[in-house]
Structures are given as structure tokens and as C-alpha cells.
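The lines below spell out each chain.
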Amino acid sequence: MQLDIQNVSKRFGTFQALRDVSLSIDSGELVALLGPSGSGKTTLLRIIAGLETPDSGQVLFEGENVSDLSARHRQVGFVFQHYALFRHMTVFENVAFGLRVRKQRPSKGTIEAKVRELLHLVQLESMGDRYPSQLSGGQRQRVALARALAIEPRVLLLDEPFGALDAQVRKELRRWLRRLHDEMGITGVFVTHDQEEALEVADRVVVTHRGGIEQVGSPAEIYDHPATPFIYQFLGNVNRLSVRLHQGAARIGGLAFPAGGFENAQDLPGIAFVRPHDLGISAEGTEGIPVSLRHAVVIGPTVRLELEGPDHLTLEAELSRSAFDALKAHPGQALWARPESVRAFLEEGER
Amino acid sequence: MSVLAHRLREPSVIPGFGITLGVTLTALSLVVLIPLSALFLKAAGLGFSDFIATAFDSRAMAAYGLSFGAALVAALVNLFFGTLVAWVLVRYRFAGKRILDALIDLPFALPTAVAGIALTTLFAPNGAFGSVLEPLGIKVAFTRLGVILAMIFIGLPFVVRSVQPVLEDLESEVEEAAASLGASRLQTLWLVVLPSLLPALISGFALAFARAVGEYGSIIFIAGNMPGQTEIAPLLIIIKLEQYNYAGATAIASVMLIISFVLLFVINRLQHWRQSRMEGR
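Protein chains in written order, with the working numbering: chain P, -16 to 334; chain G, 3 to 283.
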């Protein structure tokens, strides 16, 4: 189902949770809302579900304005971070709930068949008679998912679905959600603050920050071309350098990199981001940043170098095992670090 | 002895089973069990046929019926209104909420005779409410309705205070989940909220019921105390005591005790069963 969010704003007291947010989600897409806590991502999800009312703006399902439709009538599947299962009902009754409260209640046999099918889908066939308290966290979340899917939702919304689970289960459920989505072709939106989760699972990632949308793009786009300094820093694992911006170039250590948008800049202070694997390291040379090797960590086929530059600058570089061996570097050795590509921003532009 | 102790309890890492159980049993014996067995002993002095004759004569039977029947009605009324009060106190924010919250406990603190006198003054045929209700054919003071009213007054806090904390702990997410699955407010309330509250509702009901059965002070003022009509069992006990008929008083007390114990035991089991289902034990 095509989902459109148009100019939605929401304020809680003095806190502006969302400011003028617009977003379109295509039918069958799985979209991640990624952002730090307080960035408005959960509020946006709850507004889509009808659990929260926007102060202004509207939500369209398939082009139809559902802003005045209550959560009950929107037919959305919502999965909560802490499962929100009905504790006094068995797993079977939990999954059947959405079918049993319908105005035109399906026959007992239909419900039974549907619930069995869903329990099979979430691999909990034998758990129908258990109570939620008898299940593990991962199993509870799968019950919550089956319960949400029972109503054949137009869109599936998941609020930090794996946030309360431990790393192993999380990884497993993540892949499983992706597979499930591919099989069912349902439109899905999930909220997360874990960039790895967003990049791994989603078709498209929406980065939120301070109640607004910072960037929308495929996981590769978001990772390779972050639009703002905030995203660079939020995604992490990046080197931050001070540069001078001058006539369309970012200058650093005798090197100049093209910096689009700064053609008229006259020697302005800027910052540039370089990913560890975009940092070339050589033993000899005259260009680049003079650094000394603090230490090197071998992680499987790659080697992570921690380098110390001028003015207490710490840089991280990633080399292949063979490149590192060819370098024959030892701790304390002087090296040259040469960024292969940088992305520069004006220093004031940093938020 | 040690063999017996091992049979009595499951192995546990929590220390102090022996001493805590010992202190508990001693305190319970001194405060509850010994006085109660003395009661039964005294009643037993009556002899079987005399006991039956005293404890189950028509006046006593009417008193039991009124005491337990009215307490049941009052506890049911309290179950409804108490839950409603708890709901309002937990779910809504309004001016004077804290004051209302504090007022709930007043029936706990007020000497019950004061409550009885206040209710009687209001509901007597010339009282503020009584003068309005009387022409409508509703008599409250000096009738069974008055007995129920006094019982409602003293029992209300028990239901409110049982339900309130459980309601506070209920995640709003569970209700949101129900709504997103298509349940109406009424369905959510009936299928999700109330079942979660059930153990608290049962215990609140049990407490209010027990309190109403044992209540004396407030009821005797409003009841009128006509033998066989509006005479409660505790009053009958006092009357026997005033006539120096100690054995007769204890006979009636014994019957009340046994009925109360059986009822409370059943309610307790019911609550335990409900709770264990929810916790999946």
C-alpha cells in the first residue's frame, strides 16, 4: 500500500517532536526510520498508526486521507518494543484477538486455521497453549508479529522491534523479518536507532534528527553519501578532519579535494569526513597528513590502524592484511595518511 | 524433626525459613488462633443440641442472612463504584485529584459510629436525603437498605486501594495494541483491561465483603435493629453478651466465623488460580 505523510507536525508541551515532515513510502517497501532517541521517529510511526494525532498535516493511505480515522479503523499492524502481549491470554488467543473482535467475526474454523497458519509462519506451532510469560523475548516478539499480521494489515509498523532482545536473537530475527517481508510483500516501516539494523534490513532508510528528516535513501546511498555532518557522525566509524575551504576545494595537508558548493569560498574553516578505508597509508611521501602509528589491530582479513596526527588528531585507517604486511610498519613509526575522498562541510553548518 | 522440616518445604536459597515461619506462627497463634479456639471452646460448653438451638434459631438465621446477604450486595456495589473511582483517579488529571485520593481513606480512619450517625441523620425521614426519598416511597434509614448503605460506606476504600496500583501498572501499550487490532473501547475494556484487573478485583471484593460482615458500629445506628428484620449478626452477639449469655454469643460467633472462613478461603483460591494463570505457573 502506498503511504504518504504530508507536512506533519507534532508538539508535546514545549517539545517539538516533529516539524513539517513529508515522506512517501511505496507499496511493498520496507523502510527504516533511523535516528537517535528524541528525533521524532517513534512519534511519526505512532501518527501513521493513529495512536497519536498530528497537530497539523495529514496521513494518506493509497491516496485516501486517514487523518481522522482512529487506530481501530486504520487496519495497521503495530508491533511494540516491549511486545504488549495480552498476559492473561494464551499465544493462540493473542493471535486470534484481532479476528475475534471484528464486527463480522469469522467462523471458529476460519479463525483456527488462520491462527495455525500464522503460528507456523513465526515458527511457534507448538506454543499455542502457552502464556506469554512462559516464552523467551524472541518468541514473544514473534507472537506480537503474528498477532499484528492476523488482521491482514495494510501496513506493518514496528517500533524498535528488536530493541529489547540480546544480540544473537536480534540478528536472527532481523534476517527473518527481511525474509518474511520479501515473502509477503507487505509495506513495512520500522523504527530503530541501530544503524547496522537499518542498513541491513531496509530497502530505504529515513534518517531523522530533531523532529525533521535529514536524509532519505537506499542503505548504500546513506552510507556512501551522507548528506549532513550529523549523519556522518551518527553512522559512526568515520574520521573528522579540519580543512580550509577555498575556491571550490577543501585543502588539507598540502592536498586539495574538490568541494562542490564552495566555489566562492575564500579560505573558510570547514570540516571533512573520511572513512577509514578511504585513507591511504604509505611509509614514504610528501603529501598528506604526517602521522605516527599508535597500534594496529588485526581483525580477520583487515587491519585497523590507530594513527596519531598533528594537534592530537586521532585517525583510524583500515587496510587489507596484505597491504599492511607490505607496509612493514611498527608502532611509533612515522607514516603518511592520504585521504582518497573526502566530504567537506562548512564549520558553521555543523549542527 | 529435621525430616519433617524437609518435607514441609522445598529446598531454597532464601535463608531464614525456620525463624520467619516460627515467628509468624507464634504471632498468629497469640493474636488470632488462640482467641479463636477459646471462642470455639466456650461455644462447645453449650452441648450439641443447645448449640444448634441457639445458633440456628429463627432470629439468628435471619441475622446471618442479613449480615451475609447485605455484605454481598454492598461488596458488589463497591466492586463497581470502587473500580470506577480507581479508574478516574488513575486515568484522568483534574483539579482536586489529590484531595479526592486522600478522601478515599476516610472511612478507614473515621470511628464507624460517627459514620453511622451521619448516615442516619441524612437518610432519616426528616433528614436531607430522607425527606426527598420518603415521598418517592424509598425508605433507607431503619431498613435493610440502610444496612447495605452503611456497609458500602465502610467497604469502598478496600476496592479502590486494591485496584488502583494494579491499574497504574497496566501498560497503556496493551490497550493501544488492542485498538490497533480493531477492538472498540468497550471490547478493550472487557477483553483486555478487566481480565488484567481480575485478581485485584477479587481481592478488593473479598476485603470489602469481610469488612462488611464484621461491621457493627455504623450499622446499628441506621438499621433500626428490629429482630428478624434489620438485626445483624454482630448485634445479636452483643445482645446475648448483655444478657450474660456468653455461650450463646460464642455459638453465633462460631457460625459467623466458619461461614466467613469458608467464603474467604474460596475467594482466595479463586484469586490464586486467576493469578497463576496469568503468570503461567
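Note that these hints are calculated values from the structure, not bench results.
Among the clues, some could well be false.
[Said to hold, decoys possible] Here are the simulated lysine to aspartate or glutamate pairs, EDC-like style, with alpha carbons at most 20 Å apart:
#1 P/K86 to G/E178
#2 P/K154 to P/E197
#3 P/K154 to P/E135
#4 P/K86 to G/E177
#5 P/K311 to P/E246
#6 P/K154 to P/D165
Quick caveat, the model's predicted, so the values are computed rather than measured.
In rising order, the numbers of the hints this structure does not comply with: Per hint list: 2, 3 and 5 violated.
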